[in-house]
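Colleague: Whole structure, please, built from the sequences with the hints as guidance.
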Amino acid sequence: MQHEHHRVPVTALGFWHQDVLLAAEGTFIKAYDVKKKILLAKVEVFNGQAVHGILVSDERREDSQVIVWGGRLLRQLRARLSGTTLELDLDPLKKADDWILDAAFAPVQAEKAPKIAIVTAHNSLSIGTLDDALDIKLDLLVPGSNCILYAADVTWLSADECLIASGTAFGDIMVWSCNLTEDGGILSVKHGTHYTFSAHDGSVFGVQISSKAVASTFEGRMHVLASCSDDRTIRLWDISDLSPNSSTLAEGQRETGFGSHRDGDEHAPQCLAKAMGHGSRIWTARFLLDETNKRSAPAGIDELSIVSFGEDASCIFWTPEPTRPSIEQYPYVLRQTHMQKSHTGKNIWSVTIDPSLRIATGGADGSIAIRSWPKLRRADRPSEVDRKLLLCGQESDSFRTFAFLSHNSILATTDSGRLVTLQSHGGVQLDSKEVSSTIDGLRGYSTMASVPGYGFAAGNQGDVYSYVHRTGRITKILSTGRKIASLFADSEHAEHLDQSPEWIGLLVTQVNSDSALLCTLLSNSVAVVTDDQSDTVTRQIELALPENFVVTSYARTTLGLASVVVLGSRNGSIAMFDVSSTTGAVPITHTSLLTSVHGKEAVTSLKFAGSSVNSRHVLFSTGRDGTYAAHAFQSPVEKLQTQLVHQLSLPFGPNIEGIGHSPAGHIWLWGFRSKQFVVFDITSQQEVMTVECGGAHRTWAFQPLENGGTFFWIKASKLYWKSQIELPFQTLNAGGHGREIKAVAVSRASQQLIATGAEDTNIKLSTYNKRQGFQTLHTLQKHNTGIQHLQWSPDGLHLFSSGGFEEFYVWKIALGVPELGIGVVCQSAHPNSGRSDLRITHFSAHPTTDTPVESPTFHITMTYSDSMLRTWSYHDRNWALLSQGSYLTSCLTQVLSPPPASGAVPSNGDHNPAPLITASTDGYLAIWSALASTDALLSTPAESEFKWHQRHKAHQNSILSLTALPLPDGTTLLLSTGDDNALGITRLQISDTGSRSEAGLRTLLVPNAHAAAITGLVVLSHKSVLSDPTSMHSPAKEELVICTTSLDQRLKLWRVKVDISKEGVDGVDVRFVGSRFSAVADCAGVEGLRAGSKKDGDVDGVLVFGVGMEIWRV
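Residue 348 in UniProt numbering is what sits at position 348 of the sequence shown, and the numbering runs on without skipping anything.
Treat the hints with caution; some may be incorrect.
[What the hints assert, rightly or not] Pairs of lysine-lysine residues, derived as DSS-like cross-links and limited to a Cα-Cα distance of at most 30 Å, are as follows:
hint, residue 1, residue 2
1, K433, K718
2, K388, K476
3, K137, K112
4, K37, K483
5, K770, K42
6, K375, K600
7, K483, K433
8, K190, K137
9, K36, K112
10, K1052, K30
11, K770, K718
12, K433, K30
13, K212, K375
14, K483, K341
15, K600, K782
16, K476, K770
17, K1057, K1037
18, K112, K212
19, K375, K675
20, K375, K274
21, K715, K388
22, K1037, K1062
23, K95, K30
24, K782, K675
25, K274, K341
26, K190, K274
27, K36, K770
28, K95, K1052
29, K433, K388
30, K433, K37
31, K30, K137
32, K1052, K42
33, K37, K718
34, K42, K190
35, K600, K675
36, K812, K600
37, K341, K388
38, K341, K94
39, K95, K42
40, K1023, K1062
Simulated from the structure, these hints should not be mistaken for laboratory data.
Modeller: Take a look at the structure:
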């Protein structure tokens, strides 16, 4: 087996020589170019041990020494740049006395070998010396004690003295130091303890000793210690006094357990500050001293920050500020200044900071995020627009509505009815210009719309005014005589701010009106219009609105020769109008109405996309139900028939307000999450911009730009703005699930879509290729519990998923959707979804043979955690229970309903299929009688009862995976794995005597096939061979190659030969072929991947999943 690719947690990081970042992913070290975002090189460091730490002697030098460790193993990594090629070489492997927690290079001494201080999990200290051959010589100088450490930090005070801070599992911190002497090449040490104290109410997960420059910002202190814990607090301690408290570590030992205190705590260091943050455990905290604006004077407290990283996958930045001791408990308070969440799911496992304060983090989702703290610190906060920019002396006047004229200009109305333009310069400064004095029709109330270079405003009196940005001209272009409810505008270059449109479409809706006015304007006539407005509106059409239809969005397009207008409403419906051949004398009624597209919530935006080449068009819509949708249709369109091809929820919302394109062509969606405005990139599945604005209920405008955009909003009657021209962080590789993946299904259709379901309750659809790795297409958010099982239909157009609370969903897949590629719709939820606390642990779905391919019927057999087995018929959102039965009291874990060779079963049930086979937590296989005759398409089909008629003990306890393989002689080979670490091979022989067939079961068990529970099994190949190749009449043998995965993080290959001429398992021969270590922890299973040249049924690669995913080629 050959390792090809993985997406696993990033467990260690280190900057090396400017823009090269070393990252530990499983047993591999990968080197990335941070600026180009490319992989330069990779090397496997350890065999069977993940990398936990990377230490670089000097990030600024090309000849920096790199030490890598994992567990007890340690070795040196040599990196060399040869032109644009990076070469990684490994020195001999070394083993420490215990699990390594931290290491630090000693200051360089002339004519002396470099030294490394190494602290291990039982608080021991070893010194590593690098000899002339760059080999590492380890000397254990301070033996370990009986305390268990979760964190340690070692720093060198001088070339001969190091200071260590150790955090224990029971909330204690020990601070101790060592003095080294060397005589004739032999090292000796003198060590002593300075502090041993109860620091936290939970386990200490992170400690860091500050540099002297950092400590001096705290009123000239010498040493400051930062610590963090699962009590969710960050604490700063003054450890400047390093006078000895005890001569040995043993004297500082304490009674273990939380809440145990001793008299020595009165000698604890002073706590300088304490802050609670994060939603769960905090893994580490680091000091950040921003010296980019260096002066001759030492840095002050205002240049210091602390950053913490937690289980909630967030980074929080804190600034210490002095307090008044008479009022506050601590001399400093930590103020939260920034928070970033650049990883999905849970856990930031690694962090490194370079001298320029670039911070790289690695998450459990397998992604690496990089941000610059000086840039982030100086990033513009939301700015209030100065009232002086209103250009009036009225204190009561304020901004009312606004819309973008270009990427840096907006047109705004005020309460007094004036029109003002605001223009930003470099995203940091605003200038204003009054373009109109008070207009009575805009006083007190106004609404606005715009296209590039043109703005439109209307108010109470029903007059519509146009503004041309190029000339500054304002003209009344329309009078309706009734209060205007809203304006909507579009043009052929709506997203290209640098192109002036030839025509402009303007939709005008009025209060309490059952119609809307659609006006077409030529931009030239708008620009040169005189007081005579008769020639401005070249065409005016009245659209008759459906009943209770309040327009909230508008879009227009041309389909072939037809001109189509689409309106979205406040009640979630979408109306389509054909406006291509009307004279305008009679109101046009809608040609089609799509009801409840976004439930009963408002349709906030509409956008057309498509290709004139293949005549495929898509209408995108967003709504306040938290989803965005796509309807497909082809031109020419007669009745404007549409089909919903995509609708998914987003990781923010529920107020999804707009859709557009980034300058790079990515699909962006924006809206509100709680009190934040969020911009989300659908293509890369990442957040682009986040602004604290107070929430959705306000007037606002957003203009997307490269790497962000400009956002204006009103809060408490004040106008604010924020412009982002640089992403808050960069990602080197896209992440996946941030939690354990529990189910995977690989489509066997032409395009191998990989569906993954995890404990984060999400399902991700991805593709894979060797060059780009995993590419996530969509995230399906519907389940409320962890995913239990996934299965594709044979044609790859339906995906089935199950979870807890009896959740079961059917997803419809559409291929070739413009701009999306793949469309996904949740077609149906099982009627019992969410109605009980039962888990649907497994299921088997097969299409029937006598229903249309475009609308198939499926028989779905489900196993439940209460020992029930049920088969349902599903057709076009309709469910019917066909049969059910009860096992004993054990939870059913697997079900097999092997279909005939055609891959489908008749829907009427008049057949004699193979019996159902189930596995359970008691280690038994059970054979169930076949379905009774019933018509699955009837509204009330006859319900039958399942009966199991034979049980067979295959494993000692729970069966975790089960696979069936038909053999040429009509028997079935069952391959099973279990919690008993065993591989089971059972041969099922069935006599064709009816549905209650008598079956003979015998099992060949391979005990201790793995060192832990075997969670997955996949058949890689199956072929028939002659027992004697020289004779055509010799009996055939079946030969299988299978792969198993286990919680012991091993992949194993097995060759199974079956002599079908022999009874039962007498002719079964199992041979172990090979074993490899997998970086995927808590392995949940394995799936096969098929290359294009492989025949059906054979696979040449396996996908291992659990905490991450990994691809192996066989």
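Colleague: Where does the structure disagree with the numbered hints, that is, which hint numbers, in rising order?
Modeller: 4, 6, 9, 11, 12, 14, 16, 26, 30, 33, 34, 37 and 38
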